[in-house]
Amino acid sequence: MKPIIEIQNISKKYRLGMIGNNSLRELLNTCSKNVREKGVLEFLKSLGTDEDPKKVLWALKDVSFTVDPGEIVGLIGRNGCGKSTLLKILSRITFPTEGRAVIRGRSSALLEVGTGFHAELSGRENIFLNGAILGMRRREIEKKLDAIVHFSEVEKFIDTPIKHYSSGMYVRLAFSVAAHLDQPVLFVDEVLAVGDAKFQAKCIEKMRSVADSGRTIIFVSHDEKAIRTLCGRCVYLRNGKVVASGATPEMLSLYNAEKPLESAA
Amino acid sequence: MRAYLKKVYASRLNSTTVIDANRKWFKVDWVELWQFRDLIYLFVQKEFIARYRQTLLGPLWNVLQPLIMSGVLTVIFARLGGLSTDGVPHVLFYLSGLATWGYFSTAFVQTSDILVSSAYILRKVYFPRLVMPLSVVFSKAIIFFIQFSVFLALLAYYKFFTGAGEVIHPNFLKIIFLTPVCLGITALLSLGMGLGFAAITVKYRDLHHVMNFFIQLWFYGTPIVYPVTKIPEKYRWVVFLNPLIPAIDQFRSAFLGTPSLDPIYFLSAFAIAVGTVLVGVLLFTRIEREFVDVI
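So the sequences go chain by chain: A and B.
Sequential numbering from 0 applies to the first sequence in numbering that gives the first Met the number 0.
Sequential numbering from 0 applies to the second sequence in numbering that gives the first Met the number 0.
In isolation and in its complexed conformation, chain A is listed as follows:
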């Protein structure tokens, strides 16, 4: 069987300092600073060549792994290790600088819940808008509307503009739409449990049933308990590189063992 997700040598480069060139003045400032520091000749030479290595950040470097259909894979690692960047590349929000990934099937990304919710629209209207943004067709959403509304527990207010919702109602509705996506491949970032304790338990329960339905999920979280219960396998990233990949308990103990070392350094 072919792996459903193949990640081959993906690298992502960010250019520090060059990003903020929003105005001509800043651009001129950067140039004149460079000229003063290096001299005109050196500066002109540096324009044609590669950037200053100090100003380049490789958020990901040569990341490769594969995921088989039906696997739930956790990405673990400290803040800034590249987990979210990788998820953004897989969900096509940003592009890799090098390498490629192949995804065999429809996919959707949940990097936050309620993306595109509009305050003036009613709960029902927002379900359609948000669902469509996440890649569902209107017909599909119609079929699932009752289930979504029921799960969110906001039936009474479903035709009220969501600006009148409490924050709890808002996240419940947002999570419900996300939880009813039916793409076979999902990329999930930290949006596992929202709302009060009771609803959070319901969210975890829902995610487990989504996981059991044979879908393939790549999951990023700092919540070890969630990783342990959901993911069969983990990929451990550090400084944009894959350190190790394997069964969840081993990876978590590896990760935990290295944590104090890193914070000391």
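Hints were generated in silico from the structure; no laboratory data involved.
By construction, the Cβ of each residue, glycine as well, lies at the ideal position given by its N, Cα and C atoms.
Treat the hints with caution; some may be incorrect.
[As the list claims (entries may be wrong)] The following label-pair restraints were derived from C-beta to C-beta distances:
| id | chain 1 | residue 1 | chain 2 | residue 2 | range |
| --- | --- | --- | --- | --- | --- |
| 1 | A | 204 | B | 151 | 56 to 66 Å |
| 2 | B | 209 | A | 162 | 32 to 42 Å |
| 3 | A | 245 | B | 209 | 54 to 64 Å |
| 4 | B | 119 | A | 136 | 15 to 25 Å |
| 5 | B | 207 | A | 245 | 41 to 51 Å |
| 6 | A | 159 | B | 118 | 21 to 31 Å |
[As the list claims (entries may be wrong)] In silico lysine-lysine, DSSO-like type, Cα no more than 27 Å apart, as pairs:
| id | chain 1 | residue 1 | chain 2 | residue 2 |
| --- | --- | --- | --- | --- |
| 7 | B | 26 | A | 12 |
| 8 | B | 173 | B | 229 |
| 9 | A | 54 | A | 37 |
| 10 | A | 205 | A | 143 |
| 11 | A | 12 | B | 202 |
| 12 | A | 240 | A | 60 |
| 13 | A | 142 | B | 45 |
| 14 | A | 54 | B | 202 |
| 15 | A | 12 | A | 54 |
| 16 | A | 60 | A | 12 |
| 17 | A | 205 | A | 155 |
| 18 | A | 37 | A | 12 |
| 19 | B | 45 | A | 155 |
| 20 | B | 202 | A | 32 |
| 21 | A | 162 | A | 142 |
| 22 | A | 162 | B | 45 |
| 23 | B | 45 | A | 143 |
| 24 | A | 201 | A | 155 |
| 25 | A | 155 | A | 142 |
Following the hints, position chain B against chain A.
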């Protein structure tokens, strides 16, 4: 055709997505865009609901606004300024220009800012980015048709119930064959310009500041408050630079029977509009690749 589309669609449902550095120059996935047509519809719907909820008059504003504007223009340019309207009732003359102009300017301004103003969505989820500008152009087209119906109603009134009926000569052949092209030029031009400006605004916000005054200059450079015949022969080449001139000119001459420019201008306007869209899409798809990292 339908069967073919169905087949393509079915194969795409379980399709393979390849993600790579994507350095191609012109890459638009039309099939994918078609799959997201529901999203375009829902964005248009959102635009309307969000704009008119909690307003007393709702979409009626789209009718009132050009009418009030025409009134103001009548007082300032026709009465005080003494600018000719080719003998046509002032309100009809101004409305015919304002409807097209309003469509162009609102769609252009909103599209040009679309990547920055919806960055919060684009940073979190993927869908074909062209969905957003297209939904702007469609929702503004609906507003155009509302204003257009008002224009038609007023036209009928003036033609059949007032003495001015004698000077208004609608040309039905032109209405059927030329006005859709006028609308097409306007839509394509606003889309193309909007896409191009959107792409550049991502990197250089300067354009955002230029917009206001740019639009105002363009307004006076377009025959809305004056007839095309007022452009001196010496400066006729200007018409080649501004495709809106022939678009408004032909629109007017179709419905009101005012004298129109040589058809060559109209053809060139259409060509420029198509070219603008191509360039706009090109710039837009280029910036698509990196804008999330820049914004």
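Each hint tested on the structure:
Between residue 204(A) and residue 151(B) the beta carbon distance is about 58 Å. The supplied range of 56 to 66 Å therefore holds. Restraint check, residue 209(B) to residue 162(A): a C-beta distance of roughly 34 Å satisfies the suggested window 32 to 42 Å. Judged by the Cβ atoms, the range 54 to 64 Å given for residue 245(A) and residue 209(B) holds: they are separated by roughly 56 Å. A beta carbon spacing of about 24 Å between residue 119(B) and residue 136(A) agrees with the range 15 to 25 Å that was offered as a hint.
Taking the beta carbon of each, residue 207(B) and residue 245(A) are about 50 Å apart, inside 41 to 51 Å as hinted. For the hinted restraint 21 to 31 Å between residue 159(A) and residue 118(B), the CB-CB distance of approximately 28 Å keeps it satisfied. For the suggested pair residue 26(B) and residue 12(A), the alpha carbons sit about 22 Å apart, so the restraint of at most 27 Å is met. Straight-line distance between C-alpha atoms of residue 173(B) and residue 229(B) comes to about 22 Å, which keeps the hinted pair within the 27 Å bound.
Between residue 54(A) and residue 37(A) the alpha-carbon distance is near 16 Å, which keeps this suggested pair within the 27 Å criterion. Of the supplied pair hints, the one linking residue 205(A) and residue 143(A) holds, its CA atoms being roughly 15 Å apart against a limit of 27 Å. For a cut-off of 27 Å, the pair hint linking residue 12(A) to residue 202(B) stands: about 18 Å separates their Cα positions. A hinted pair counts as satisfied when its Cα atoms are at most 27 Å apart, and residue 240(A) with residue 60(A) qualifies at roughly 6 Å.
Under the criterion of a C-alpha separation no larger than 27 Å, the hint pairing residue 142(A) with residue 45(B) is consistent with the structure, at around 21 Å. Note on residue 54(A) and residue 202(B): the hinted pairing holds, with a Cα-Cα distance of about 19 Å set against a maximum of 27 Å. Using a Cα cut-off of 27 Å, the hinted pair residue 12(A) and residue 54(A) holds, with the two alpha carbons roughly 10 Å apart. A threshold of 27 Å between alpha carbons decides the hint, and for residue 60(A) with residue 12(A) the separation of about 8 Å falls inside it, so the pair holds.
Restraint check for residue 205(A) and residue 155(A): the C-alpha separation of about 22 Å stays at or below 27 Å, so the hint holds. Restraint check for residue 37(A) and residue 12(A): satisfied, since their Cα atoms lie roughly 25 Å apart, inside the 27 Å limit. A threshold of 27 Å between alpha carbons decides the hint, and for residue 45(B) with residue 155(A) the separation of about 22 Å falls inside it, so the pair holds. Pair hint residue 202(B) plus residue 32(A) holds up; C-alpha atoms about 21 Å apart against a cutoff of 27 Å.
Distance restraint check for residue 162(A) and residue 142(A): the Cα-Cα separation of roughly 26 Å lies within the 27 Å cut-off, and the hinted pair is therefore satisfied. With a C-alpha separation of about 14 Å, the suggested pairing of residue 162(A) with residue 45(B) holds against the 27 Å cut-off. Between the alpha carbons of residue 45(B) and residue 143(A) the distance comes to roughly 20 Å, so the proposed pair stays at or under 27 Å and holds. Our distance criterion of 27 Å between C-alpha atoms is met by residue 201(A) and residue 155(A), whose separation comes to about 20 Å.
Between residue 155(A) and residue 142(A) the CA atoms are separated by roughly 19 Å; this keeps the pair inside 27 Å, and the hint holds.
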